[in-house]
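Trainee: Top line first, the protein sequences correspond to chains P and E.
Using the numbering used here, you'd call the opening residue of the first sequence number 1213 and step up by one each time.
Using the numbering used here, you'd call the opening residue of the second sequence number 1213 and step up by one each time.
Note that these hints are calculated values from the structure, not bench results.
There may be inaccurate statements among the hints.
Which copy is meant is left open, so a pair is good if it fits within one copy or across any two.
[Unchecked claim] Derived lysine to aspartate or glutamate pairs resembling EDC-like cross-links, with alpha carbons at most 16 Å apart:
| no. | residue 1 | residue 2 |
| --- | --- | --- |
| 1 | K1577 | E1516 |
| 2 | K1513 | E1692 |
| 3 | K1485 | E1251 |
| 4 | K1304 | E1645 |
| 5 | K1258 | D1221 |
| 6 | K1515 | D1579 |
| 7 | K1246 | D1429 |
| 8 | K1526 | E1658 |
| 9 | K1225 | D1265 |
| 10 | K1670 | D1376 |
| 11 | K1330 | E1391 |
| 12 | K1250 | E1484 |
| 13 | K1349 | E1280 |
| 14 | K1225 | E1260 |
| 15 | K1389 | E1592 |
| 16 | K1526 | E1312 |
| 17 | K1225 | E1251 |
| 18 | K1488 | E1251 |
| 19 | K1460 | E1413 |
| 20 | K1385 | E1679 |
| 21 | K1218 | E1280 |
| 22 | K1513 | E1536 |
A quick note: this is a predicted structure, and the numbers were derived from the prediction, not measured.
There are 2 protein chains.
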Amino acid sequence: MDLVKKILDHYEKIWVLAKANAVLEWDSETYMPKGETKERGFITSKIESMIQDLMTDKEFIKWVEQLEEKAENDFEKGIARVLKRSIYYYTKIPKKELEEYNKLIVEAVRVWEDAKKKSDFNRFAPYLEKIVEFKRKFAEYLGYKYSPYDALLDRYEEGYTVKDIDPLFNRLKRDLKKEYERIKEIWHDYHWLENEPYNRERMELLNKTVLSMIGFDFNHMRLDVSAHPFTIELGLYDIRITTWYHKKDFRRSLLAVIHEFGHALYERQIDEKLWKTPLQGGVSLGIHESQSRFWEIVVAKTKEFTQFLEPLVKNILKIDADSEDLFKYFTIVRPIPIRVESDDVTYNFHIILRYEIERDLIEGKIDVRDIPEIWNEKMEQYLGIKPKNDSEGALQDIHWSLGAIGYFPTYTLGNLIAAQIKYNFPDLETHIENKNFATIREYLREKIHKYGSMYEPKVLLEKSFGEPVNEKYFIKLLRERYR
Amino acid sequence: MDLVKKILDHYEKIWVLAKANAVLEWDSETYMPKGETKERGFITSKIESMIQDLMTDKEFIKWVEQLEEKAENDFEKGIARVLKRSIYYYTKIPKKELEEYNKLIVEAVRVWEDAKKKSDFNRFAPYLEKIVEFKRKFAEYLGYKYSPYDALLDRYEEGYTVKDIDPLFNRLKRDLKKEYERIKEIWHDYHWLENEPYNRERMELLNKTVLSMIGFDFNHMRLDVSAHPFTIELGLYDIRITTWYHKKDFRRSLLAVIHEFGHALYERQIDEKLWKTPLQGGVSLGIHESQSRFWEIVVAKTKEFTQFLEPLVKNILKIDADSEDLFKYFTIVRPIPIRVESDDVTYNFHIILRYEIERDLIEGKIDVRDIPEIWNEKMEQYLGIKPKNDSEGALQDIHWSLGAIGYFPTYTLGNLIAAQIKYNFPDLETHIENKNFATIREYLREKIHKYGSMYEPKVLLEKSFGEPVNEKYFIKLLRERYR
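Extracted from the complex, chain P is given alone in its bound form:
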């Protein structure tokens, strides 16, 4: 089909610029000299605007619209769908407002950093108010089915609305509460390994050894260090992850590596036929997170995996912990105010809380100024704890200052889907026990990775697992693991 070729030829430029920007971003998070920030920001934003110009080229838009009508197979339909989404965003929101918004964001992040340092929500509030105002306007431009929040959520998790999330999260909240009450009665909330110092070079070697053994392809992948762990795809043949080092509590570094490995594997196992097309790339944040969490909380926290780790920890890290220690250390349950350091049981309460607040903000049911109070009330209600101050309360996450409203729910979707995959995968524990990680990688490739963005998340889940996202598997995992 000549039309597809024309579209892909034009898209190739967009792809090339996006990859260039990814390398610039990776560099700025890892090796860029500290004094370079401003110039680099200028360069990446210019490239971003070139991408936008190419995406909104009138001829190109016409072709995509034609393809939408004429698409003959899943590949073509996928291309039309994914491109339409990008075009839609750039064309529905007036360029001028998007520029104003982007300027606001740059300042908002700065102010949030300052406000967090001083634990002063009121300092950040006027900026968040402006962000919410922009987001509500954007939602109107973009259109939505039930709630303006849907328009925002859809950017991160295509096809999902409050009508999906509300009932799902409500059931989860109910069942998770029960599980949590049960678990906290019988489970440990501390382990001596949390305070065990480690040697940085040995830790690096342990990380690399574990990565090698689970299938990290160092010929096409790298591990570096950054302020916060992340994965970035610089091409189908160049995927990079980072981790961090804290001198003690080695699970933070190791589990981050395993988590990012899951993201990286997804990008690496996308079908080569999708290379340079709009379908080369994970389909959504939720599906992506399901891949990282699958390795981090489903695979790595089994007793089989801690048995696999025991000799590595003993011999490489020179820390004398057996597999039972490791299992206990990895599964501590302790409610704390900070989301990113939370355990797997309480984590989703942090997300539900954020979801409820941001949804109500966008729907105009609450005001920005009310957030700290609501935050603390919900924290008390869900986890029985109270943040000492805003800095470990409503100011802890960078997301809202970046304008990422509608992003949080994807973390919980990822957790739920990760557990869902586990119960669809026969004999997972046996494969881990046999260090047969290749079979696990193949399973993920066949069920999810190879499709890239060809199917929207709901369709992909239906196709691969025969049902929509379902919280019962995650609850089942907690029931089986914490007993």
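With the hints as your guide, set chain E onto chain P.
Mentor: Showing chain E alone in chain P's frame:
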């Protein structure tokens, strides 16, 4: 002037893409996973072609032509001059031929690598023949004054022709021969430090310490490791250098660092007013090389500098060498067949030899097949040595396989200009003795760096030193140093 603004606005995109490509290149030489080569090559060549499209935009060309006529000051004249040169190259050579040529180059480098490994010039010869053929055609497209070689040389050293280089190199050859004959009678050709092993980490620390002390701005610069040392400018506020490590013979690593520092300082000290304009960047290879060689052979090989180094080498590298040892070690004179490992006295014979061969090739006076014989004869004549085989003879350098014909003379121009600067700079040795490197940096900034590409090399030399490039200063340096 509205015209300048229009030109600079358009040029900004070219600049942005060039910087992105520079980051991609730096990455591919330092940290890129080994398996990534093909995809990365695709990305950089696509960006290169976007740059070419922007540079040959018809409206843009019209503006540049208008500016050429109307330019009112050195800034505007410089912009018109520099842009005209790029436009000229892209528009005079048919795009199709340039593409064919680029494809040939990719293959030629591969074949050259193989031929060098097998020390078989005949394997490479057919490719070099095709390259020479292309270059002769390009010279006709580009036009020239005296020799088709001028058109090629001008790409690397704007404004220079065989009528400049022939008499200069002939005088140099004559005087250098005399100096060399004199020096080899009285000078040492070996030093024990050549075989002294070093500790890699200590060497890295020594490199960084020396860099810090001579004024490397780690806030805007980095030092990394690569197969061959290089400098790359990723922006006015982000300049990076690399070095290498060989386990012994530490001057190779240290002097490479000092050499690259010279290149980096040039790019870093360009006037901020030239940021993002076509004038932000060193003006030519010869002037650039004069900056690196100034630090490497003029500054670092003085007795004052080796006195400055002595405690650092003793304390950091833990090698017990005094300043006299270091001076002798840095100034060994020993004729060898390999250019890049040659001493400062014999080095320029290697360049003159290459220049004479490539000039005659382009002028059709000799054939590619004759190169090895001519090479070996000249080697015998200039230095009294014979390469064992083509691999350490005519195949040793990558340049010709890359199509870089007209490039070699700039190395010698750099050496000569470096010495010329020295004798224009009062009390250089005293400043070195006082570790007063800031004054040296300021001198270079005022005389050369700040102008970027505003003046073509000949004009710049006239303006800053009142005369054209002159070989007598280099000869004087040899006379004073080697006695």
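Trainee: Each of the hints needs a verdict: does it hold here or not?
Mentor: Hint check results:
| no. | hint | result |
| --- | --- | --- |
| 1 | K1577 x E1516 | neither (47 Å within a copy, 75 Å between copies) |
| 2 | K1513 x E1692 | within (12 Å within a copy, 72 Å between copies) |
| 3 | K1485 x E1251 | between (36 Å within a copy, 14 Å between copies) |
| 4 | K1304 x E1645 | neither (52 Å within a copy, 66 Å between copies) |
| 5 | K1258 x D1221 | between (22 Å within a copy, 12 Å between copies) |
| 6 | K1515 x D1579 | neither (46 Å within a copy, 72 Å between copies) |
| 7 | K1246 x D1429 | between (30 Å within a copy, 11 Å between copies) |
| 8 | K1526 x E1658 | neither (35 Å within a copy, 60 Å between copies) |
| 9 | K1225 x D1265 | both (11 Å within a copy, 12 Å between copies) |
| 10 | K1670 x D1376 | within (11 Å within a copy, 72 Å between copies) |
| 11 | K1330 x E1391 | neither (36 Å within a copy, 70 Å between copies) |
| 12 | K1250 x E1484 | between (36 Å within a copy, 14 Å between copies) |
| 13 | K1349 x E1280 | neither (27 Å within a copy, 48 Å between copies) |
| 14 | K1225 x E1260 | both (12 Å within a copy, 11 Å between copies) |
| 15 | K1389 x E1592 | within (13 Å within a copy, 88 Å between copies) |
| 16 | K1526 x E1312 | neither (54 Å within a copy, 58 Å between copies) |
| 17 | K1225 x E1251 | between (23 Å within a copy, 14 Å between copies) |
| 18 | K1488 x E1251 | between (28 Å within a copy, 10 Å between copies) |
| 19 | K1460 x E1413 | within (13 Å within a copy, 25 Å between copies) |
| 20 | K1385 x E1679 | neither (21 Å within a copy, 82 Å between copies) |
| 21 | K1218 x E1280 | within (14 Å within a copy, 39 Å between copies) |
| 22 | K1513 x E1536 | within (11 Å within a copy, 62 Å between copies) |
In this structure, the hints that do not hold are numbers 1, 4, 6, 8, 11, 13, 16 and 20, in rising order.
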